[in-house]
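Asks: Residue strings, one per chain:
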Amino acid sequence: MDALILGFEVALTGTNLAYCFLGVLLGTAIGVLPGIGALAAVSMLLPVTFYLHPTTALILLAGVYYGAEYGGSTASILLRLPGTPASAITCLDGYPMAKQGKAGVALFTTSVGSFIGGSLGIILMMVLTPAIMTMSLAFGPAEYFAIILLGLVAAGTATGGSVVKGLMMIVFGLLVGCIGTDLNTGVVRYDLGFYELQDGINMVVLAMGLFGVSEVIASIDRPGGEIVQRRISLRSMIPSRAEWRQAYPAILRGSAIGAFFGPLPGTGPSLASFMSYLVEKRIARDPSRFGKGAIEGVASPEAANNAAVQTAFIPTLALGIPGTATTAILLGAMMVHGIQPGPRLVTQNQDLFWGVIASFWIGNLLLLILNIPLIGIWVSILKIPYRLLYPAILIFICVGVYSVNNNLFDVWMVLIVGLVGYGLRLLEFEPAPLLIGYILGPLLEENLRRGLLLFRGDYMGFVQRPISAGILLLLVLLIAYVAWSRYRAVRRGVSAAAAG
Amino acid sequence: MKFGLKSSLGLIAALVLSGSALAQGAGDFPNKPVTLVVAFSPGGSTDNLARVIVDDFGQVLGQPVVVENRPGAGGYVAWRSVQSAPPDGYTVLLAENAVALGKALRPDEPLDPRKAFEAVAKIGTAPMALIINSKLEPKTFQEFVEFAKAKEGGVNFSSSGVGSVSHMTFDALADLIGVQPQHIPYRGGGEANAAVVGGHVDAMMQSVGSARKLSEEGGVRVLAVTSEERNPTMPDVPTLKELGVEPDVELRFWWGIFVPAGTPAPIKEKLAAAMKETLERPAVRDRLANIEVAPEFGPAEEMAASLDSEITNWSALVEKRGIKAD
Amino acid sequence: MIERQSRTKDLIGGGILCAVGIFFVAGAIRLHLGTAQHMGPGYFPLVLGIILVVLSAVLLLQAGPAQISERIAPRPLLAVCAGIAAFALGLHWLGLIPAVFLTVVLASLGDRSARPASAALLGLALAVGAWAVFRLGLHLPMPGFAGLLQWTR
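Protein chains in written order, with this note's numbering: chain X, 1 to 500; chain W, 1 to 326; chain V, 1 to 153.
Please keep in mind that the hints were generated in silico from the structure rather than gathered at the bench. Heads up, a few of these hints could be off.
[What the hints assert, rightly or not] The following label-pair restraints were derived from C-beta to C-beta distances:
1) X/L192 to W/D108: 52 to 60 Å
2) V/A120 to X/D351: 41 to 49 Å
3) X/R456 to W/E242: 55 to 63 Å
4) W/A265 to V/L124: 44 to 52 Å
5) W/A305 to X/Q348: 41 to 49 Å
6) W/Q59 to V/L124: 34 to 42 Å
7) V/P116 to X/L192: 34 to 42 Å
8) X/I5 to W/P232: 37 to 45 Å
9) X/I238 to V/A36: 31 to 39 Å
10) X/L473 to W/G154: 28 to 36 Å
11) W/S84 to X/G193: 46 to 54 Å
[Claimed, not checked] Covered stretches of chain X, as calculated for chain W (at least 3 residues, CB under 8 Å):
12) 191–203
13) 315–327
14) 398–410
Built from N, CA and C at the ideal position, the CB exists for glycine as well.
Chain X with its partners taken away, still in its complex shape:
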């Protein structure tokens, strides 16, 4: 507690506050340009920060980072242009909401959800940092394998429509994830002779192609496909009482899920937002609303993502494991300033660690204050006729994917992925499970193989460790539950059919 007060003292000095504001402002502005986002901004600012105090430098860079994360959800809600896995989830229901004229409500919920999620994440960090550190270290290959498998099966059984089609998309995603250099042997798989494919298909390319390009193609001459937007008043942005009643428990659940998954290095935030979405869908009275603009589907993943981003800083700062490319640069910035990430950072550099943590919270608050007035401006983008808007969207997509690796191959790739996405759309396959499979596939494989190397080929090794055994038990229970509820639904359907 004292530590946090110290942190606020550090974060609330005039300079740090100003840089925090500058960071989130810059981050939001850049984040709405999908794909380019935080990475370009943070790496460009890095040399500038050499001339700042280390804490101030980190506050600035972190501000850009989560400002960009925040801005990213704006683009995915308004235009279905996700730049991160988490925002791909947000657009599942956020974009339909925008099409129903509720873009303001969706963005407002996002702001509030992110803020609450972030705040709860910070509180948990305060209380549980040592425990979370122990947990990150205790997670070996077996535990990762188990929890990723749980996430995949949960995703496959909870997607809209047919379970078979959902599972097919997951497996397709896992296979797409196999493209590229095999981590364990260095052998290149499925590159079809393109050396650009040796690192696999880029995440941004896949998300933008599956979601963005296919949406543009489908929207151009859909009659009435233009996004309807009524006059924007503050009232039209604030969720109605009924919507709020659905949103706030979802925000709390999302925050809890996010805080739990966050510390798993590499997988945290994306797994968190997938899982929270799936949980909402599972416990909703009417799961069919999801994918058509369910407010919980926006509120919960956003809260989860932000809670996870916060708790993910524990492995980043305490173990030096970057969760994303952007946090890798943050780590680099710390090292340049002579701050070595490590468990001691938390205890020895208390003013820095907690100052940065406190500035996260202040940054989240600033984002909230900054963005609520901006919602009106963002939403007014949708007033632009689609025929003028979509060429600009295509430019964003092209520049966004090019800037990831500065490689034109990725522009060609987004075209191909867009065609695949459009085909899947016509055949009514969901793109989200494909993306989940693609993101978690390589992690599933490498942990499986690492585990079997260490257990000398004995699959029992996965069940002999208590944590992984517990997760696998949960998995079995989930499958049993799904099978049981299917069985009941089928029986009810049969009796209903017999009655009718």
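Keeping the supplied structure of chain X fixed, place chains W and V upon it in accordance with the hints.
Replies: Frame of chain X, contents of chains W and V only:
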């Protein structure tokens, strides 16, 4: 057809540009921003190094220097792009061990760094250390050798990826002490460190700076360092040389700058001189120390010779150990 | 009629993904498979490919009538493809500004109601805007003019 047209136009462009560069010598070089190509993603150690020197390097040169990350295919995306860039000094490669290891691991790869690039200068190095999980029995290097030989199924070690410096150096060391280790590759040094600290794997080769930090926190034990002399921050840890282990290959990280083959000598000299001056700046040296890079300027001939011997020696080791990356 | 068509949809979907599965299996068996302890690079995709083929077979068998929601839209499809391709080619050969212009004009043709003049105007506006934001603002490595127009850099 398309490629023919593309490459022939590229050739013409290259000829025109190199011709003009030749005509000018280094006269007004540089008169536009210089691109410093990094073969790995932002946040990696080479990228960190680039960002640390780029501002000062630009100041010395009198033109901004822009870092361009071209990650992919273990570095080959960047290397190919530098190879085909006009040899006018405006495209500079910031290279590291990967250039030599890449050639050693992929002998069939047509790109030969010794022919495609010309060395400009050596920038710096970072020595390495052997670390093991602190809960393991061995307290000294000799005990570790015994332990590794006795362990059923072989001692296992983490690395930041197949063909990475941490992988290859451990294999080189294992070869010298006569053990057959089990390689467990991870994604990046951070994850590999955590695997040793968490006790999921036994050992790894890591930079001295990281090793010291991890040992101070009690998670690992440092058994040896690869530098010529003991590290002043860890005076109790012996060098491999003292332990009688002398590898043919240099077990350490190194960085240097290269330009496409055919770049006029005056331009290379100008770049090298600017780099020398950059590395002498106290602010740069401080920042380099923080990211664990020892600034160590070396002229072009030294860099070229060391690249040549690295490729030869690593190739020999790769063949002997049957390490494969493709 | 509608029922027949949507049954076709699941049949096509199942067929295509079955082919995808076979493609990955075929690629996997050419890689080293390895053992459970030392899994080769082919092991994991082989298992997954087989699972995908099995799932596709299930889909083909249970393909049933359902409502069709969307039909292929050839004009937008072509225009978007042409637009992205123009960007990929244009950025290398001409530079950012002409590439954006071409992309916008080509993509605009996807909308039946678009007029060439307004498309050109939009293209010009976005080209300048993109150059200002991405090149001047963010310093992304995309020169305004490049390749064949390089001398104007």
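Asks: Take the hints in turn and mark each one as holding or not.
Replies: Now for the hints, and whether the structure bears them out:
The supplied range of 52 to 60 Å is broken by X/L192 and W/D108, whose beta-carbon atoms lie about 18 Å from each other. One distance hint, 41 to 49 Å for the beta-carbon pair V/A120 and X/D351, is violated here, with the actual separation near 58 Å. Between X/R456 and W/E242 the beta carbons are some 35 Å apart, a value that contradicts the proposed interval 55 to 63 Å. The supplied range of 44 to 52 Å is met by W/A265 and V/L124, whose beta-carbon atoms lie about 45 Å from each other.
Taking 41 to 49 Å as the suggested C-beta distance range, the pair W/A305 and X/Q348 conforms, at roughly 43 Å. Our hint of 34 to 42 Å for W/Q59 and V/L124 holds, since their Cβ atoms are close to 38 Å apart. In this structure the hint that V/P116 and X/L192 lie 34 to 42 Å apart at CB holds, the actual value being about 38 Å. Between X/I5 and W/P232, the C-beta spacing of about 38 Å keeps the proposed range 37 to 45 Å intact.
Between X/I238 and V/A36 the CB atoms are about 57 Å apart, so this pair departs from the stated range of 31 to 39 Å. Taking the beta carbon of each, X/L473 and W/G154 are about 32 Å apart, inside 28 to 36 Å as hinted. In this structure, W/S84 and X/G193 break the distance hint of 46 to 54 Å, their C-beta atoms being roughly 18 Å apart. As drawn, the stretch 191–203 of chain X meets chain W at 4 residues by the rule of a beta-carbon pair under 8 Å; at three or more, the given contact holds.
Counting residues of the stretch 315–327 of chain X whose beta carbon lies closer than 8 Å to any beta carbon of chain W gives 8, which reaches the threshold of three, so the coverage claim holds. Counting residues of the stretch 398–410 of chain X whose CB lies closer than 8 Å to any CB of chain W gives 3, which reaches the minimum of 3, so the coverage claim holds.
Violated hints, in rising order: 1, 2, 3, 9, 11; the structure is consistent with all others.
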